[in-house]
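Given chain H, put chain W in place with the hints provided.
Number of protein chains: 2
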Amino acid sequence: MTLQNKLNFSGGPGALPEKVLVQLSEEIINVPGPGLSILGISHRSEWFAEVIAELENNIRTLMGLSDAYHVLLLQGGATQQFSMVPMTLLRGQNSPAEYLHTGYWSGKAIPEARLEGPVRVIWSGSENNFNRLPSDDELCFSPDAPYIHYISNETVEGLQFQRILGRNDVPRICDMSSDFLSKPCEFERFSLIYAHAQKNIGPAGITVIVIRNDLIEHTTGNLPGFLDYKTQIKAHSNFNTPPVFAIYAVLLVSRWLINDIGGLENMAAINNRKAELLYRVIDESDGFYRGRAAADRSLMNVVFKLSSAELEAGFLSRAQAAGFSGLAGHRAIGGLRASIYNAVTLEAVEELAGFMDEFRRRSKPN
Amino acid sequence: MTLQNKLNFSGGPGALPEKVLVQLSEEIINVPGPGLSILGISHRSEWFAEVIAELENNIRTLMGLSDAYHVLLLQGGATQQFSMVPMTLLRGQNSPAEYLHTGYWSGKAIPEARLEGPVRVIWSGSENNFNRLPSDDELCFSPDAPYIHYISNETVEGLQFQRILGRNDVPRICDMSSDFLSKPCEFERFSLIYAHAQKNIGPAGITVIVIRNDLIEHTTGNLPGFLDYKTQIKAHSNFNTPPVFAIYAVLLVSRWLINDIGGLENMAAINNRKAELLYRVIDESDGFYRGRAAADRSLMNVVFKLSSAELEAGFLSRAQAAGFSGLAGHRAIGGLRASIYNAVTLEAVEELAGFMDEFRRRSKPN
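As given, the protein sequences belong to chains H and W, one line each in that order.
Going by UniProt numbering, the residue at position 63 of the first sequence is 63; the numbering climbs one at a time, nothing skipped.
Going by UniProt numbering, the residue at position 311 of the second sequence is 311; the numbering climbs one at a time, nothing skipped.
Just chain H, same shape as in the assembly:
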């Protein structure tokens, strides 16, 4: 096998910038300054307090957030947020929170919310097999909902919202796990945003949460400390031992985004070109490659299939031999998927586009 990190199109955990990998590899042995392995530095050290402070600041800078927002770094993935959000905001409420069911991951969030309080699913894509997102005139938001929750990018089906949903008098909560920091957005229109790291910003094991002050001002949940946003905010994400390595890796990615890429505008320009390249190959393939989404195609997860499972197996095996990895579709739906998160380079996507073109030509009946 000759797989290459830069040709890793995994749905996540996936590619990280090569520069970040090289630095982490060195710092497993020795972090200049502290002079110790990154794995052996105390979470109560001054060095780590600076890591947290710089990372909070970098996220704030990239997102253009005012001081009204807190930045948290917690364990448990988006899954833990599926529960922490309704534990905090839905317990004891009479009005239902409003959820959109747009694919696999929002389908995981809804039952966890129902454990805590009333939920109204205001739109579901299940009837159309999740091949598109709702238009505005299909959505009717209630002013009485404690919050509205949706997922900006459905990783499995390859669907992405290119607009902000909801109403301004109801807190918007968004799971941005799979397109976080991939493009500019009016982030301050949200009350709470969460994103696990293992798509765009780091390794598995850490989740970024951005939360506006007023959302939790009046909450009084008698929650365990580790599930309590207020406790975690007060402790600067250091209520109990945080995953130092994963947080440091996210810091290095945030530096790369700011210093090497030049911010979210530039990142979006690169990401747009990457997605265009692959969708063009699909659209110009005379039906050889079949995109899954009928509309609202994701710029992060290009989901497609071939005419048969045999052909797909051949595609994956040829791709692997050429150094590509992570191109199998999600186990829930099969098919193929190229995830082109921030760290997947334009060059890598050009190589994949070339490979796809060639595979199609070779597979054509003579």
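What the hints contain is simulated information worked out from the structure, not anything from laboratory work.
Treat the numbers as computed from the prediction; the structure is a model and nothing was measured.
The beta-carbon is built from N, C-alpha and C at its ideal position, and this holds for glycine as well.
There could be a bad hint or two in this list.
[Unchecked claim] Here are the computed lysine-lysine pairs in the DSBU-like style, where the Cα-Cα straight-line distance is at most 30 Å: (1) W/108 to H/230; (2) W/108 to H/234; (3) H/108 to W/234; (4) H/19 to H/6; (5) W/19 to W/6; (6) H/108 to H/305; (7) H/6 to H/305; (8) H/108 to H/230; (9) W/6 to W/234; (10) W/6 to W/305; (11) W/19 to H/19; (12) W/108 to W/183; (13) W/183 to W/230; (14) W/305 to W/183; (15) H/230 to H/183; (16) H/230 to W/6; (17) H/6 to H/183; (18) W/183 to W/19; (19) H/19 to H/108; (20) W/19 to H/6; (21) W/234 to H/19; (22) W/108 to W/364; (23) H/6 to H/364; (24) H/108 to W/19.
[Unchecked claim] From the derived model, a few chain W residues whose C-beta atoms are all more than 10 Å from chain H: (25) 57; (26) 121; (27) 310; (28) 334.
Quick look at chain W alone, frame taken from chain H:
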């Protein structure tokens, strides 16, 4: 600064075996086999399923556990277990669970348990400033308790049980975070054992839980998936994306324990010699070094102080110049602490003992 990883006496995250650090450093770039960065390998890959299976098996082997036990690898640290245990076993119970309050960390576990149900603290060391553990005749366990919970080693105060507490007709639950896999133990006398990794077995961000089948057979808690032992067991610790890197690091440490150390008997022999060395320096210092514990001294955390804060500051500064790190006491109580977890070598402890002897000689009034 010339700090050395091998002279890291941190309370955790702390030292890891040098061999493990070197391998992790290499595999941040390329894991032989998959041929990808450890940070870019999918948690749904065959490779990772084998990592989980081997690690479960290694832990089972090291602990001598039968198939009646499940091994889980979860996020959230011991803190999450402070809550998961009573969420699962105490909610809706009338009889109180029995907790021992033996120091800083058991003091953190008790209020989280009280959030979920009735708790009886059957012994507290608060009156004697947590300078010893209870003797058997100070303890009276009820046959009606849903479980008994205690902490085998109090990291902050440096106290360690050298026996197993409780009664055989009540499930024993033990937080072994800071002495896990440091010595043999009749592990099967416990119904549930948990230990976060960052003391003896890996980096921060992962926790090992060992749980006997019958403990949760009849539980029906309507818990979120990530907090539900049954859901996590069914998913082989892969309910939602686990911290792949941290789990892999624990696997490497478990291999080191089995292959390089030769199991827990050997590990205990080394750990005993390490602790003896340091306690001898303290005991033979004519009161220059003052051990904190009046009895039940920990073999993992040697907690002591000097006659003044100035002298302690001088000790830390001189130690740092000599390459030692992590010797400051826990922020809750101050003083000094040498944590001598599994990965701290006998040679490193000999160096520290030599340093302590010399520091004492130099500090003596002429």
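- Could you work out which earlier hints the structure fails to respect and list their numbers in ascending sequence? Violated: hints 9, 16, 19, 21, 22 and 24.
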